[in-house]
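Asks: As they're listed, the protein sequences go chains A and B. FYI, in full-length UniProt numbering the residues of the first sequence are 1 to 392. FYI, in full-length UniProt numbering the residues of the second sequence are 1 to 392.
Keep in mind the hints are simulated off the structure, nothing from the lab. Treat the hints loosely; a few may be bogus.
Treat identical chains as interchangeable: a pair holds within one or across any two.
Once the Cα atoms are required to be at most 20 Å apart in a straight line, the calculated EDC-like pairs of lysine to aspartate or glutamate come out as [said to hold, decoys possible]: (1) K239 x D258; (2) K2 x E372; (3) K252 x D335; (4) K252 x E338; (5) K57 x E362; (6) K40 x E298; (7) K57 x D369; (8) K365 x D7; (9) K252 x E331; (10) K14 x D136.
Source: prediction; values computed, not measured.
2 protein chains.
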Amino acid sequence: MKNIANDIIAVLEKVAGSTQNGSILLHEPLFRNNEWNYVKECIDSGWVSSVGSYVTKFEQMIAEYTGVSHAIAVVNGTAALHASLEVLGVERGDEVLLPTLTFIATANAVSYCGAVPHFVDSEISTLGMDPHKLKDYLLNHTYMSNGFCYNKKTDRRIKAVVPMHTFGHSVDIEPLLEIADTFNIVLVEDAAESLGSYYKGTHTGSFGKVSILSFNGNKIVTTGGGGAILTNDDGLAKKLKHITTTAKVPHKWEYYHDQLGYNYRLPNINAALGCAQLEVLDEYLDKKRVLAKKYEYEFKAFNGVNFVTEPANSKSNYWLNAIILDENYIEQRNDVLELTNQSGYMTRPCWNLLHTLPMYSECPKMNLDTAEAISRRLINIPSSVILGEDRS
Amino acid sequence: MKNIANDIIAVLEKVAGSTQNGSILLHEPLFRNNEWNYVKECIDSGWVSSVGSYVTKFEQMIAEYTGVSHAIAVVNGTAALHASLEVLGVERGDEVLLPTLTFIATANAVSYCGAVPHFVDSEISTLGMDPHKLKDYLLNHTYMSNGFCYNKKTDRRIKAVVPMHTFGHSVDIEPLLEIADTFNIVLVEDAAESLGSYYKGTHTGSFGKVSILSFNGNKIVTTGGGGAILTNDDGLAKKLKHITTTAKVPHKWEYYHDQLGYNYRLPNINAALGCAQLEVLDEYLDKKRVLAKKYEYEFKAFNGVNFVTEPANSKSNYWLNAIILDENYIEQRNDVLELTNQSGYMTRPCWNLLHTLPMYSECPKMNLDTAEAISRRLINIPSSVILGEDRS
Ligand SMILES: Cc1ncc(COP(=O)(O)O)c(C=O)c1O
Ligand SMILES: Cc1ncc(COP(=O)(O)O)c(C=O)c1O
Numbered sequence: 001m002k003n004i005a006n007d008i009i010a011v012l013e014k015v016a017g018s019t020q021n022g023s024i025l026l027h028e029p030l031f032r033n034n035e036w037n038y039v040k041e042c043i044d045s046g047w048v049s050s051v052g053s054y055v056t057k058f059e060q061m062i063a064e065y066t067g068v069s070h071a072i073a074v075v076n077g078t079a080a081l082h083a084s085l086e087v088l089g090v091e092r093g094d095e096v097l098l099p100t101l102t103f104i105a106t107a108n109a110v111s112y113c114g115a116v117p118h119f120v121d122s123e124i125s126t127l128g129m130d131p132h133k134l135k136d137y138l139l140n141h142t143y144m145s146n147g148f149c150y151n152k153k154t155d156r157r158i159k160a161v162v163p164m165h166t167f168g169h170s171v172d173i174e175p176l177l178e179i180a181d182t183f184n185i186v187l188v189e190d191a192a193e194s195l196g197s198y199y200k201g202t203h204t205g206s207f208g209k210v211s212i213l214s215f216n217g218n219k220i221v222t223t224g225g226g227g228a229i230l231t232n233d234d235g236l237a238k239k240l241k242h243i244t245t246t247a248k249v250p251h252k253w254e255y256y257h258d259q260l261g262y263n264y265r266l267p268n269i270n271a272a273l274g275c276a277q278l279e280v281l282d283e284y285l286d287k288k289r290v291l292a293k294k295y296e297y298e299f300k301a302f303n304g305v306n307f308v309t310e311p312a313n314s315k316s317n318y319w320l321n322a323i324i325l326d327e328n329y330i331e332q333r334n335d336v337l338e339l340t341n342q343s344g345y346m347t348r349p350c351w352n353l354l355h356t357l358p359m360y361s362e363c364p365k366m367n368l369d370t371a372e373a374i375s376r377r378l379i380n381i382p383s384s385v386i387l388g389e390d391r392s
Numbered sequence: 001m002k003n004i005a006n007d008i009i010a011v012l013e014k015v016a017g018s019t020q021n022g023s024i025l026l027h028e029p030l031f032r033n034n035e036w037n038y039v040k041e042c043i044d045s046g047w048v049s050s051v052g053s054y055v056t057k058f059e060q061m062i063a064e065y066t067g068v069s070h071a072i073a074v075v076n077g078t079a080a081l082h083a084s085l086e087v088l089g090v091e092r093g094d095e096v097l098l099p100t101l102t103f104i105a106t107a108n109a110v111s112y113c114g115a116v117p118h119f120v121d122s123e124i125s126t127l128g129m130d131p132h133k134l135k136d137y138l139l140n141h142t143y144m145s146n147g148f149c150y151n152k153k154t155d156r157r158i159k160a161v162v163p164m165h166t167f168g169h170s171v172d173i174e175p176l177l178e179i180a181d182t183f184n185i186v187l188v189e190d191a192a193e194s195l196g197s198y199y200k201g202t203h204t205g206s207f208g209k210v211s212i213l214s215f216n217g218n219k220i221v222t223t224g225g226g227g228a229i230l231t232n233d234d235g236l237a238k239k240l241k242h243i244t245t246t247a248k249v250p251h252k253w254e255y256y257h258d259q260l261g262y263n264y265r266l267p268n269i270n271a272a273l274g275c276a277q278l279e280v281l282d283e284y285l286d287k288k289r290v291l292a293k294k295y296e297y298e299f300k301a302f303n304g305v306n307f308v309t310e311p312a313n314s315k316s317n318y319w320l321n322a323i324i325l326d327e328n329y330i331e332q333r334n335d336v337l338e339l340t341n342q343s344g345y346m347t348r349p350c351w352n353l354l355h356t357l358p359m360y361s362e363c364p365k366m367n368l369d370t371a372e373a374i375s376r377r378l379i380n381i382p383s384s385v386i387l388g389e390d391r392s
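Let the hints inform the model, and build the full structure from the sequences given.
Replies: Encoded structure:
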């Protein structure tokens, strides 16, 4: 069997460029627009914190971009997930369905509510939740009582399902919405990675009852740290704004809080950064597409390696590019990681599947074969916006 | 009885200046140092997020300033409190002693752990927890079992006590530490408001097993939003850094998290702001002292109003200046608030006492007479650093 690590490095060099001037990171942010002007305006005016106009502007820009009625800016994507589940009534003793193949935050947010993650398998075509497998599983392993869905084994109510758009590739959301409807489970979309991604022409994050975005430093656009909650429901939007801002009741001077709330506010200075970044999002998306197309082309003829492309009917933001090794090259995965990183090309495997982590190893789960296969075979490769620029 | 509102406005005008050019806020931030340079460096380098050197620098500066071995920068003071209580083992079914006279975050952090706030009275000399009343109360209303302290009424363990340095004035911490020791209750210091305040020559925030600071926009120095956790305990410091950064175990490329963690990281861009602010903290403290001395002088001869000065044996940062109306002027409190705010001097009453809020009204509490009296009589008055500058 051939040794693929060096061939992969050759492709990375061809597409992402030489590492002569330093490592090529997995995903670095790019600030070349109005970032500095807006941030300077915050500093000059003194309004860097919770008071200030960039938060509102940022929320409006997000809502407009995604086509969702309300966007609530928060301190990060994890906080966004937590507040979303809480406002939908996820609480102690409930279960929440989520992919085992996702970033840890999706499960942690469930834990913050005192609820229990319940792990679902992924499909290879989207890397996201497998609707067919989920439907079969729910039919066999749950029962309905008083209109609600319960886990046969634990008798706990399954209150929410949180599909995630992996690396920016849209999950097959339509059948998932149908399932959620059938079993009366509320759907929350973890769109942390998929700003700028579309499913059948509609922006991801606009399908869930509530959805979330992340503006962490490794995302397509960033606020340093930040996130947003999206919803078309006016009442939920109001509640979400309220509980993410300490549940303070507006008053000329009184400090009255009418329920348990959180300090999940995004500071104005971070929102300022976000406004400048959103202005160039479309340009960044174009560049990421150029980069992905180059990778796709180079890996097309590559035996033993498949480049992950956007699923049918969807347009991906190609946030994080990935290759999948053929089963018979699995033993070379660590070599590939070791050698690419040594050569200055930052690569990484998939997240450790959540059901394998100590705090989640006892949680309910279905058969997770596909997620396990993906996790053994997938490698993320350099994906920064700047790599999609013409270097000639 | 004389009408004091206009006389108070006259003092505010004399000390804080005229409102001709706009309102005089309660506390506005001041950026005149290296804020721009440091933030620009973040933006230029692309390192605005969790990676970057300002976070480490900020932590070192805080540790050095406060004289505590470890400072862990986090996203805000509320997160700092939550992580502190969690790492000390506060959990579902525990009770935590805290003043009823504090900002909502102190109680909310207890709730996030699933524990129950247990409210303690304040003393007029410090506005903070009354050690004498607390000791009497614990002697009468708790019992020891296996070396731990339990509430006689609820049989819940009292695991922690969280005194707070109100408006920057140091609480009488020594006797509180003795009580904590006697009853085997861990002491967490809420020093959110008291950066730059000292108790018998030692910085507040260095007495608790763990302590917290806030760098919210209304604080003496700010990072937009931010906080820090302080501790002299190496093991706790390590645990705190771990759980506030998603409990990710360091590895070249693997994403392995070994326990429930939080995304409580402070972004690098906010830390950059903080570094610049800490450089001028001493200068700001001087200015706040000048302002407080002016208020003190003007209110000395004022009948019916007492200006709150630093407690004996302590040096206050005078973060938020306050006056206390005599009992017989209480009916004029709302008038004073109304007229001062109308005249462009932002003033506000104390927080609504936490035991009066709907979500905390059923929590255990002692007699809270002094806190109630303070809350009826106290008014915060404009306190920005800039008001302490020479305007001649
Ligand atoms: C799938 C997913 N969910 C949630 C999050 C959490 O977002 P944040 O890092 O902003 O807290 C992230 C990103 O880090 C993510 O990739
Ligand atoms: C006493 C007290 N505790 C906790 C906090 C919480 O800090 P933050 O607003 O940074 O979350 C604050 C400040 O707002 C405070 O005044």
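Asks: Against each hint, give a clear statement of whether it holds in the structure.
Replies: Right, here's what the structure says about each hint:
In this assembly of identical chains, K239 and D258 lie within 20 Å of each other by CA distance solely inside one copy; the values are 12 Å within and 33 Å between copies. Taking the shortest alpha-carbon separations for K2 and E372, neither the intra-copy value of 24 Å nor the inter-copy value of 79 Å comes in at or below 20 Å. When the C-alpha separation of K252 and D335 is checked against a cutoff of 20 Å, the pair qualifies only between copies, where the shortest distance is 13 Å, while the shortest distance within a copy is 63 Å. For the identical chains of this complex, K252 and E338 are inter-copy neighbours only, at 9 Å across copies versus 60 Å inside a copy, given an alpha-carbon limit of 20 Å.
Proximity of K57 and E362 under a CA criterion of 20 Å is satisfied in neither setting, with 44 Å inside one chain copy and 40 Å between copies. Within a single copy, K40 and E298 get their C-alpha atoms no closer than 43 Å, and across copies no closer than 38 Å, so neither meets the 20 Å cut-off. Neither within a single protomer nor between protomers do K57 and D369 lie at most 20 Å apart by alpha-carbon distance, with minima of 44 Å and 45 Å respectively. Neither within a single protomer nor between protomers do K365 and D7 lie at most 20 Å apart by alpha-carbon distance, with minima of 38 Å and 70 Å respectively.
With identical chains, the CA atoms of K252 and E331 are at most 20 Å apart between copies only, with a shortest distance of 18 Å across copies and 65 Å within one. In this assembly of identical chains, the alpha carbons of K14 and D136 never lie at most 20 Å apart, being 44 Å within a copy and 76 Å across copies at closest.
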